[in-house]
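**Q** From first to last, the protein sequence lines stand for chains A and B. Going by our numbering, 419 is the number at position 305 of the first sequence; the sequence numbering is gapless. Going by our numbering, 299 is the number at position 185 of the second sequence; the sequence numbering is gapless.
Treat each hint with caution, since some may be false.
Which copy is meant is left open, because identical chains are indistinguishable; a pair holds if it fits in one copy or across any two.
[Claimed, not checked] PhoX-like, lysine-lysine: derived pairs with alpha carbons at most 20 Å apart:
hint, residue 1, residue 2
1, Lys-398, Lys-139
2, Lys-250, Lys-405
3, Lys-133, Lys-426
4, Lys-129, Lys-398
5, Lys-398, Lys-143
6, Lys-376, Lys-431
7, Lys-417, Lys-217
8, Lys-405, Lys-143
9, Lys-281, Lys-405
10, Lys-217, Lys-373
11, Lys-131, Lys-373
12, Lys-191, Lys-139
13, Lys-278, Lys-236
Treat the hints as calculated values from the structure; they're not laboratory data.
Number of protein chains: 2
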Amino acid sequence: MMINGREGRALWFEKGKIKFIDQRKLPYKLEYYTAETVDDCCFAIMDMVVRGAPAIGAAAVYGMVLGVNDLEKTAYKLKKTRPTAYDLFYAVDYMLDNIKNCKNPLDAANAYVEDIVDKCHKIGLNGEILIKNNMKILTHCNAGALATVDWGTALAPFYVAHRKGKKFFVFADETRPRCQGLLTDWELEQEGIPHVVIADNAAGFFMKNGEIDMVITGADRITANGDFANKIGTYEKAVLAYENDIPFYVAAPVSTFDKNIKSGDEIIIEERGREELAVINNYKIMPDYTKVRNPAFDITNHKYVTGYITEKGVFEKPCF
Amino acid sequence: MMINGREGRALWFEKGKIKFIDQRKLPYKLEYYTAETVDDCCFAIMDMVVRGAPAIGAAAVYGMVLGVNDLEKTAYKLKKTRPTAYDLFYAVDYMLDNIKNCKNPLDAANAYVEDIVDKCHKIGLNGEILIKNNMKILTHCNAGALATVDWGTALAPFYVAHRKGKKFFVFADETRPRCQGLLTDWELEQEGIPHVVIADNAAGFFMKNGEIDMVITGADRITANGDFANKIGTYEKAVLAYENDIPFYVAAPVSTFDKNIKSGDEIIIEERGREELAVINNYKIMPDYTKVRNPAFDITNHKYVTGYITEKGVFEKPCF
């Protein structure tokens, strides 16, 4: 990913510490957060210093390195930080297996992270084929490099297509409550890809008016039948794309597919605090009396999905 | 409408001036805006001191009173303030007709406004029948008393049902970009009706989870075939309600029906400035580099509408 004109990453391990781009501060400020302990790392995941299922997985493997002296407790703490991200559980178990098999913890963690980056690049290569010149493409939330260490999932095809010289235009949903669309905006701006941010309410308008040719989102968890959990609002955009005959693709590494879960009905949805909706960048936008409900994710039925863009190819159904 | 425990109105005429609740300041502060001239009144409409098609109509009739010395110029100025609100054109033409027929301008304007309030109350009486005990009802934007001088359109059934002692729960969409859901929140809070505000992205989630039994919105313009223009995002919620077999009602006075327009395809949609999306209550939530597109309204096809709640009754199709 480009950061002020140089290649960079959303997080990395350096001198016994985890360094994160502090995504709570973006897009307003580019600041870094350093995790020196497991608790710091758990805080980074819970408070969304780091976000996006693959990046959370990367944080978790490095968290296991920090907590290598008490693996059971570290694994327990990390696993309870966020309930929806399957990558988190996968990453912790990966580290437990590797350490049990006497692998060097940092080598194992680095291999996991390089593997994520490589998979995201391949998602980009596979998804790029779907992007034709002059297309207008909608994305929701931020499934970019920030969410996956580098390249992203939903945004990876954009980066590959752009670097190949293809011309296209991106609509980025603002993605209330946390406005992660502004992270997508920041990434696309850094990369020089033409785009606008729109209110989540406007996505349907642009679809109906023929201004959107394709939708690509990420996924936090994909079940055996292809239903998937992703940022709240994804379900709305998928239904609207379906209603308007617009192809809807989900981009995710194969590790996001959870074969143990039959369908979306089995996924528990996390409801988060009112502050996410009521406060933006420390500024109160809602009065104190305002009550909210704030589900963080929703489930989209597989019937709305045209295809799954993975590192192994683009598939109409989960087939792993 | 209740304002701090007393009955009040969104706007009224007093001693040669128009007084408005300044809706740009709500819900943060309850302040009033005074229009002494036609230009003040045009500013109030354009800058959304007053908003909602019927309230804009009420502002326009009083604007015609202020500009009675040059009716042609006043009519021209008022009509060009907002392109989508049919009530605005209707109100200006009503005043031109009445003044041509030698009616006293202020009497004519007051009669128009009382007629709006009476119609809204009747919309409430007709719509209230649809509300059953323990229902959960979604509304979008603010089609309340603030938008119609008193009672509201979409909210009028809530007020009548609440005052009759019915128990129900309201989900209010935040309604980005301008967050008019917070005006609905303010009104419902004043009235003591149980409710929460949700992100626009969450409406689909609650519908899919069986937590919403009915949707009621207002309309800015309804065409001969029943298609209607309303606040951006209404189309999304209508499609989602349809997909989830949830009744979707549009509440509006008969004056909102524009028989001269065959279908929604003929309505021109206003795109507004980036500040609406980028700034909330004078606080910048988006960086300066962020580009946006900001359509203010969308068109919902009549096929998604269960019925139209009007002062003349509830109808499956426009039939006036």
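**Q** Could you run down the list of hints and mark each one as holding or not?
**A** Structure-based check of all given hints:
Proximity of Lys-398 to Lys-139 under the C-alpha cut-off of 20 Å is found in both arrangements, the shortest distances being 16 Å within a copy and 14 Å between copies. In this homomeric assembly, Lys-250 and Lys-405 come within 20 Å of each other (Cα to Cα) only across copies, at 15 Å, whereas the closest approach inside a single copy is 37 Å. Proximity of Lys-133 to Lys-426 under the C-alpha cut-off of 20 Å is found in neither arrangement, the shortest distances being 30 Å within a copy and 65 Å between copies. Taking the shortest Cα distances, Lys-129 and Lys-398 never come within 20 Å of each other, neither inside one copy (38 Å) nor across copies (37 Å).
For the identical chains of this complex, Lys-398 and Lys-143 are neighbours both inside a copy (19 Å) and across copies (13 Å), given an alpha-carbon limit of 20 Å. Taking the closest pair of Cα atoms, Lys-376 and Lys-431 come within 20 Å of each other only inside a single copy of the chain (13 Å); across copies the shortest separation is 42 Å, beyond that limit. Proximity of Lys-417 and Lys-217 under a CA criterion of 20 Å is satisfied in neither setting, with 42 Å inside one chain copy and 61 Å between copies. In this assembly of identical chains, Lys-405 and Lys-143 lie within 20 Å of each other by CA distance solely across copies; the values are 18 Å between and 29 Å within a copy.
Within a single copy, Lys-281 and Lys-405 get their C-alpha atoms only as close as 44 Å, which misses the 20 Å cut-off; across copies the closest is 18 Å, which meets it. With identical chains, the CA atoms of Lys-217 and Lys-373 are never at most 20 Å apart, being 27 Å at best within one copy and 75 Å at best between copies. Taking the shortest Cα distances, Lys-131 and Lys-373 never come within 20 Å of each other, neither inside one copy (34 Å) nor across copies (68 Å). Taking the shortest alpha-carbon separations for Lys-191 and Lys-139, neither the intra-copy value of 25 Å nor the inter-copy value of 45 Å comes in at or below 20 Å.
With identical chains, the CA atoms of Lys-278 and Lys-236 are at most 20 Å apart within one copy only, with a shortest distance of 14 Å there and 62 Å across copies.
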